[in-house]
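A.B. asks: With the hints as your guide, set chain P onto chain C.
Chain by chain, the residues run as shown.
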Amino acid sequence: MSTNASEGRAAVRDRAAESPWSLLRRWEAILLVFLGIVFVINSNATPYFLNIYNLADSTFNFSEKAIIALPMALVIIARDIDISVASIIALSSMLMGLAAEAGLGVPGLVVVGLATGATAGAFNGFLIAGLGLPAIVVTIGTFTLFRGIAFVALGDGAVTQYPAGLAYFGQGYIGGLIPFEFVLFLVLAVIFGVVLHMTVIGRRIYAIGNNPVAARFTGIRVDRYRFVLFCLTGLMSGLAAVLLTSRIGSTRPNIALGWELEIITMVVLGGVSILGGIGTILGVVIAVLLVGMVTFGFGLLNVPGIIMTVFIGSLLIVTISIPVVIQAVRVRAAARASSRR
Amino acid sequence: MKRFVATAVAAASLLAFGMSSAFAQDTVRIAMLVKNLGNGFFDSAFDGGQEAAAELGNIELIFTAPTAPTAEGQIEIISNLIAQGVDAIIISANDPTALIPVTKRAMARGIKVLSFDSGIAKEGRLMHLNPSNNELIGFKQIVMASDAAGGAGKIAILSATAQATNQNIWIEEMRKELAKPERASLDLVDVVYGDDQSDKSYQEALGLLARFPDLKVIIAPTTVGIAAAAQAVRDKGLVGKVFVTGLGLPSEMKGHVESGAVLSFAIWNPIDLGYTATYLAYQFVKGGATGAPGEKIKVGRMGVMTIDENGEAAMAEPFTFDASNVAKFAEIF
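So the sequences go chain by chain: C and P. In terms of my numbering, the first sequence has 196 at position 196, counting the first letter as 1, and numbering is strictly consecutive. In terms of my numbering, the second sequence has 32 at position 32, counting the first letter as 1, and numbering is strictly consecutive.
Rather than coming from a laboratory, the hints here were simulated on the basis of the structure. There may be inaccurate statements among the hints.
Here are the computed distance ranges between Cβ atoms for each label pair [stated by the list, open to error]:
| id | chain 1 | residue 1 | chain 2 | residue 2 | range |
| --- | --- | --- | --- | --- | --- |
| 1 | C | P134 | P | A152 | 50 to 56 Å |
| 2 | C | G108 | P | G260 | 28 to 34 Å |
| 3 | P | N133 | C | G108 | 39 to 45 Å |
| 4 | P | K122 | C | I307 | 30 to 36 Å |
| 5 | C | P47 | P | K286 | 48 to 54 Å |
| 6 | C | G157 | P | G260 | 33 to 39 Å |
Positions of the beta carbon are idealized from the N, C-alpha and C atoms, including for glycine.
Chain C on its own, in the form it takes in the complex (with noise of 0.2 Å):
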C-alpha cells in the first residue's frame, strides 16, 4: 500500500518534470551531447570532415528534407502525423516539370510549386479536419495517390529541361560558402520557434495535442487549426520540391523517395512526442544537424547506407529512452528512499 502511496506522489513530481525547462535541461542537452560527440569522432575519423566548405556543402544533403521537419514537427505536437509529405514533392516536382516544358518562367514554376504543394496539403486538411478521417490513414492514401499521379504523367519518362535560373534556389550560395537552402532553413527555423513558443497560436496547438476535446471545449477552433498545420506541411513540402528539383534539375517520379520516413525520424529524435502537445522547435532543429552530421560523418567514412540507416535508428531508440529511463531510475530511488522512511 505504501508503495502505491509514493508511486503516486511520484507520479505528481513526473508531471512537473515535463516543463519547458526540463525538457531544455534533458532533451536538447542530450542531443547537444550527441552531436558534440559526433562532431569529436568525425573529425579524429577522417581528415576530410573539420573544413568549413565540406561542412557547409553537407548541408544540401539535409536542407529539403529539414524544411519539412518543421512544419512537421507542429503537425505532430497537434497530434497528427502526415506520411505523404514525399508524395507531394513529386507531385509538385512533376507539375513543375510540366509547367517547364510549357514554357513557364522561373517565378512561375516556384509559383506552380508552392501551390501544388499547398493544395495537396488542403486537400490532406479537408479529408481529417473537414471530414473526421484518421491522419495516418488518410495520408497513407494520398502517399500512393500524390506519387501515383506523378507515375502515370510521367511513366518511365523525366522532364530534364529547366531554365538555367531556376538552378540558383537548390545550388546557389550566400556569401560564396553557406547554400541558400540552409539559410533558408534558419530563417524559417526562428519564425517557427517564434510562432510555436511565443504566441497564442503555438500555445494553442500544444493544448490540442495534449486534449483536443478540452481544447475545442476551451474555444479552440480545433479543426481549423489541423486543416492549417496541414496546409501548412503541404506549402513546406512544395517548397522543398522547389528547392530539390533546382538542385538535380530532374524530376522523375520516383524523386524524393523514402524522405517521409527520415523527416518524421528527425522530428521524433528532436524530442517531439509522437502522441502529441510535446517538442520544440530547437530540438528539431539540433535533431536535423545530428542526422545531418552523422550521415556526413559516415558518408566520408564511405559507410554503407544501410549501416547508416541501423545506425540513425539506434539512435532514435536511444535517445528516446535516455530520459524514459532516467525517470524509471528516479521513481524507483524515490520510491525506496520514501518506503525506508
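C.D. replies: Frame of chain C, contents of chain P only:
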C-alpha cells in the same frame, strides 16, 4: 616588403601544392558507386575492381551505394566523395541526367568521373563503359524468349526501376526486334517494374502470372528480377508452362535452371566489367587517358577499349548460359 610577402605566399602555396601532390602519389583512390547494395551483380563487379586494384597496386578501391536506388541518394554520396577528394569515381547511375550537376562539380575539382553499366549523359562524365552492345543485348533476350516460347505466344517484361537507363535502352531494343515481321507471333503484353527489389519483383511477377493466364515467357533484364520471376513461376507450379529468361547471375540462377523454370539466360561477366571499369579509371588518373573519340585505352587482361563518338566503349558480347554450363560458372560468379 610587398615583394617579400608575395614570394612567401608563392613559396607557401608551392609547398602546399607539392605536399598535396606528394600525398596523391601515395595511393590512387577510386570509388565505385553502384545503384544499390545487396545486388549480386555489383558485388561481383567489386570483386573484379579489386582484382584490377591488386594488379595495378597503389589503389584504394571504395565500394559504395545508396540505401534506395535513387538519384538523390547517389548525389549525396558523390558530394561526400568530392569532400574526400578521391581521384576517380566510377558510377552505375540511377538517373542519366540528375547526376550531371554534381558530377560536373566533381570534374571541376579534378576528379575523373566515368560511368559503367548504367550511364550518365555525355556532359556529366569523361567516358561510359557499356558491358556490351545494347542492340545485341536486346536481340539476344528476344531470341532466348522466342526459343522458350516455341516462336509464338504472349511475353512480358519484368524490369528494374522505370528510371533505369540501361534497362530502358534494352527494352527499347527488344521492342525494335519484336517489330520485325519474323517476330510477329510474339506478343509483348506488358512491361512491369520490380525496382530491383526481390519482394516487389516477386509480387510483380505474380501479378503478371495472374493477369495473363496464357503467358509463355517473362523476360527480366535484371539479375534481381529474373531470380524473383523464376521463384514465382516455381511457387505457382507453372514450371514447363511459363518460362523465365533475361539477364541473370549463374550462381543465383543455377537452381532455377535445374528446376526447369529457366531454359537459358545471358549475362556478361560482371567481374570483367568491374575489372575493366577500375582499370580504365586508373588510366584516366595516371595513364593520361582523356576519353576523346577514337582513343584506344589499354585495360590489362581485357585488351584495348576504343572510345566511340559518344564517349562510350563496349566491353564484350553477352554470353548464354543453360543447363549444360550453368553449374560450372555458378562457382565463379
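A.B. asks: State the violated hints by number, sorted upward, taking the hints as numbered earlier in the document.
C.D. replies: 2, 5
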